[in-house]
Amino acid sequence: MIKTEDLTKIYNGKFTAVDKLNIEIEEGEIYGLLGPNGAGKTTTINMLVTRIAPTSGSAIVDGYDIVKNSLKVRKIIGVVPQDLTTDEDLSGYENLMMVSQFYDVPKRDAIEQIEKLLKLVNLEDSAGKLVKQYSGGMRKRLELIAGLVHDPKILFLDEPTLGLDVTTRSQMWKYVRDIQERLDVTIILTSHYLEEVDALANRISIIDHGKVLVTGTSEELKAKLKGDIIQMTFKTQEEAEKMKNYPNLVASKDSGPNSVRLTVQDSDVELPKVISYISNNGLSVTRMTVQKPSLDDVFLEYTGKEIRAEDAGDFKQTMFNMRRLRR
Amino acid sequence: MSGLGPLTSREFKKWYRNPISLVTGLIQPFFWIALFGSAFAGLADLGGGGASSIIQGAPNYITFILGGVLTITGLFTAMFTGVNLIFDRRLGTLGRFLIAPIRRSSIVFSKIFSAIARILIQVVILIVAALILPDGLRFAHGFTLFDVGVLVSAVIMISFVFASIFNLIAIRITQPNSLFGILNLINLPLLFTSYAMFPPDLMAGWLRTAAKYNPVSWAAESIRMVVINGSLTGSQMSQLGIWMLGLFVLAVVLVLLTYFISERGIRE
Chain A
1 MIKTEDLTKI YNGKFTAVDK LNIEIEEGEI YGLLGPNGAG KTTTINMLVT
51 RIAPTSGSAI VDGYDIVKNS LKVRKIIGVV PQDLTTDEDL SGYENLMMVS
101 QFYDVPKRDA IEQIEKLLKL VNLEDSAGKL VKQYSGGMRK RLELIAGLVH
151 DPKILFLDEP TLGLDVTTRS QMWKYVRDIQ ERLDVTIILT SHYLEEVDAL
201 ANRISIIDHG KVLVTGTSEE LKAKLKGDII QMTFKTQEEA EKMKNYPNLV
251 ASKDSGPNSV RLTVQDSDVE LPKVISYISN NGLSVTRMTV QKPSLDDVFL
301 EYTGKEIRAE DAGDFKQTMF NMRRLRR
Chain B
328 MSGLGPLTSR EFKKWYRNPI SLVTGLIQPF FWIALFGSAF AGLADLGGGG
378 ASSIIQGAPN YITFILGGVL TITGLFTAMF TGVNLIFDRR LGTLGRFLIA
428 PIRRSSIVFS KIFSAIARIL IQVVILIVAA LILPDGLRFA HGFTLFDVGV
478 LVSAVIMISF VFASIFNLIA IRITQPNSLF GILNLINLPL LFTSYAMFPP
528 DLMAGWLRTA AKYNPVSWAA ESIRMVVING SLTGSQMSQL GIWMLGLFVL
578 AVVLVLLTYF ISERGIRE
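Which chain is which? The protein sequence lines are A and B, in order. Using my numbering, the first residue of the first sequence is number 1, and each one after it goes up by one. Using my numbering, the first residue of the second sequence is number 328, and each one after it goes up by one.
Heads up, some of the hints might be wrong.
Claimed, not checked - Result set (DSS-like, lysine-lysine): computed pairs, CA atoms no more than 27 Å apart in a straight line: (1) A:Lys222 / A:Lys273; (2) B:Lys539 / A:Lys119; (3) B:Lys539 / A:Lys132; (4) A:Lys292 / A:Lys174; (5) A:Lys107 / B:Lys341.
Claimed, not checked - Derived coverage of chain B by chain A (criterion: at least 3 residues anywhere in the stretch with Cβ under 8 Å from a Cβ of chain A; other residues may be distant): (6) 329-342; (7) 427-435.
Simulated from the structure, these hints should not be mistaken for laboratory data. Idealized CB from N, CA, C, for every residue including glycine.
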């Protein structure tokens, strides 16, 4: 559906935002681009939606070159940009109708499609209200369907839940899933929220400094880490030392008094064996936890930084978006 | 494909739904004509018996000033259209337009066309207001279709000129205050170095020369010529032709410039 070849964007001849990016996106999937702020996610999206031109390299979107056939590309894609783009002085319905006119959707089809979309995100009762009377969550939902009025084949979602609270965010996820299922559209999603990408995307690419570091399903990425962690506390230090002799360990480490932290390949398989090892050796465990690696750990492994550490610039952007949402 | 239709209709919805901008826009012409008419009415009595020669043969000052006020109304409303583009950028709506398969120039021209439609409404109100004022507008020699044509096209052309200039500025800048600054800097000088408010005979020599090359004067004087006079003499006709041609060339150049520059890209 989408294929990029050494896609590159250099700003002002100095700053390389996207560096020879190669990604391939299949039809019908939800594809997540995960990366810290400034990783090049939005720049990549902006090139794919023909908002900016690449410095070098190329990309094909459903058979059309993003530079040579940019108008064709625009017609078959839907975009939900990071910022709010609906007009506050018009009603939700008028906004959607205006956008569908941009795409030359015949009036009758437009009415039908808009009604369907409004129902999908539960905005049918508020469609006649001016957008300035919408709550933040409603506005985001309207943004979401504004990208879909022309029934695009591909939908780009750039940080769809930035600045939303947790409840509204999980609501948005449900809507995104519904859209993918019911409208048969390929979705490309960028986010710096791990949970979001984890919850929505079939496949994930982690990018940083404009390069893809790794691609795979959430499970595949997690499996690439060394394994799961079993944390145990015993009655005595001696017992804890004995546990380190367990045969199938990837690594083991002391973790506090009478405690040990074991890394095993797959805790689902190892746990029964660990338990029989404990009873065979007459050890008495007082506490035991199993921890599967999260996408956080994957991210840390590949980028060397915590994704949550937001820089000041992003904080400002987030506040800006939130302010807009609240008004 | 162009996007001009939906975008222009959006501008109209925004205009008539904003009661303040709607009402002020409609009342403003009344103020213009009533206040200017009263403030400068004494001009007509200057110079004793030769009064109407100073105001170029008009029966009264309001009849003289009509061309100026029409021009200024067009000018100011046109100048302010640039601001809407900056607000679209700041409020994010421009982002939606820029990713749609529409012509970039349609974003700018939707603002210019809707401004011109608003200006024409103001023009009608203004003429009605001038007619009903005591000692108001009088078409001493009638008002023909030709006169209407000259009046309307002069207003439209001067509006195109200044709407284009200020939208060209707005394509690049992001601060509404910068645009207001430029606007404040040039509006009064533009006005007072023109024949819009005062007859040339009352001006200092240098000012009169400057005003001669100001397109604001061309529009004001063209309208004045057809409002005050009946059938024009040959020399009046050729003078009118020069002014109108000047306005036409200027408007065409600026509209083309606006088209090509906005097609090349509007700053996000």
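Status of the hints after comparison with the structure:
no.: 1; hint: A:Lys222 / A:Lys273; result: 22 Å, holds
no.: 2; hint: B:Lys539 / A:Lys119; result: 63 Å, violated
no.: 3; hint: B:Lys539 / A:Lys132; result: 48 Å, violated
no.: 4; hint: A:Lys292 / A:Lys174; result: 25 Å, holds
no.: 5; hint: A:Lys107 / B:Lys341; result: 22 Å, holds
no.: 6; hint: 329-342; result: holds (count 8)
no.: 7; hint: 427-435; result: holds (count 3)
Of the hints listed earlier, those the structure fails to meet are numbers 2 and 3, in rising order.
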